[in-house]
Amino acid sequence: MLILAPPLLLALFGPLFAGDAGERGVSFTAGDGHWLGTDFVGRDVWRQVLLGGHSVVLVALSATLLSYVVALPIGLTAALTRRGWLEEVLMRPLDVLLAVPSLLLVLLVAAVYSPGTLGLVLLVALVNIPDAARMVRASAAEAASRPAVEALRMQGESWWRIAVGYVGRATRRTLVADAGVRLTGVLYLVATAAFLGVGVAPDAADWAVMVDRNRTGLFLQPWAVVVPALLIVGLSMGTNLLFDAALAPRADRRARTRPPTRRRLARLIRPRTGAPDEARPVSAQRSTRPAEGEEKRR
Numbered sequence: 001m002l003i004l005a006p007p008l009l010l011a012l013f014g015p016l017f018a019g020d021a022g023e024r025g026v027s028f029t030a031g032d033g034h035w036l037g038t039d040f041v042g043r044d045v046w047r048q049v050l051l052g053g054h055s056v057v058l059v060a061l062s063a064t065l066l067s068y069v070v071a072l073p074i075g076l077t078a079a080l081t082r083r084g085w086l087e088e089v090l091m092r093p094l095d096v097l098l099a100v101p102s103l104l105l106v107l108l109v110a111a112v113y114s115p116g117t118l119g120l121v122l123l124v125a126l127v128n129i130p131d132a133a134r135m136v137r138a139s140a141a142e143a144a145s146r147p148a149v150e151a152l153r154m155q156g157e158s159w160w161r162i163a164v165g166y167v168g169r170a171t172r173r174t175l176v177a178d179a180g181v182r183l184t185g186v187l188y189l190v191a192t193a194a195f196l197g198v199g200v201a202p203d204a205a206d207w208a209v210m211v212d213r214n215r216t217g218l219f220l221q222p223w224a225v226v227v228p229a230l231l232i233v234g235l236s237m238g239t240n241l242l243f244d245a246a247l248a249p250r251a252d253r254r255a256r257t258r259p260p261t262r263r264r265l266a267r268l269i270r271p272r273t274g275a276p277d278e279a280r281p282v283s284a285q286r287s288t289r290p291a292e293g294e295e296k297r298r
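Counted from 1, the sequence shown has number 297 at position 297 by my numbering; the numbering is strictly sequential.
It is worth saying that the hints were derived from the structure and are not from the lab. Built from N, CA and C at the ideal position, the CB exists for glycine as well. A portion of the hints provided could be inaccurate.
As the list claims (entries may be wrong) - Here are the computed distance ranges between Cβ atoms for each label pair: (1) L61 - A245: 16 to 22 Å; (2) L65 - V26: 56 to 62 Å; (3) L97 - P6: 32 to 38 Å; (4) R173 - E88: 39 to 45 Å; (5) S114 - S145: 42 to 48 Å; (6) L12 - L241: 14 to 20 Å; (7) R173 - P73: 16 to 22 Å.
Please work from the sequences and hints to get the whole structure.
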């Protein structure tokens, strides 16, 4: 959260505090009322940073959500169907898209027409649907082969109840882990596309565009490049680490947050007093029969 919070808060609430543009100064200079200096056209870098993360976060979240909206029904249907031809019809076209590199497909489509923000969301979602659908199908196929699914079918349960109520719940941890990794990849793809000028204007207030347009003055005014680049890295790394921490087993989280004390360890190791001999281990049971020599003496 410490890594993710600064870029996420700047992306969501930065435009509210950006203020007016004001007058432009000299390119790649520091000071003169500019906290982080000026960019390649003399604009205030801090104001551009406040405005630049909104598009990156919204495009990445929208593209990831849209890809799962399409991939979930396709993957679940392919995993639960008993008709081989239906599975082939659903998955084979996606394999064709999967064979084309994501960035290359985005550039090929961008060469035909110039996509805006909505077009970039659709493009990034399109290139992520095949991989997401295959992940959903692979994780759901194991749960769909369990006897419980066959029992639900014999009871006459609906497809929705089986797919979402049982198979979906059984695969949610895998899908959440995949969503964290996929969101990081989508952030990388969106930033790369913006860096190459796809879906954004050349002078737009965007963190990736700032890195591209200001790199010529890296040694004159480095903050115009370093700050947006660090924010993109923090956003990607923080998202991945947050999903990883959320998926940690509950026992592991409890062990990390609550280390065992000496008294707790002694209570766990010490056998309970007053329990019947049948409930104790064999080594802890006391013999109730007298010793052989004592019996002879009696």
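Exercise. Out of the numbered hints, which ones does the structure contradict?
Worked result: 2 and 4
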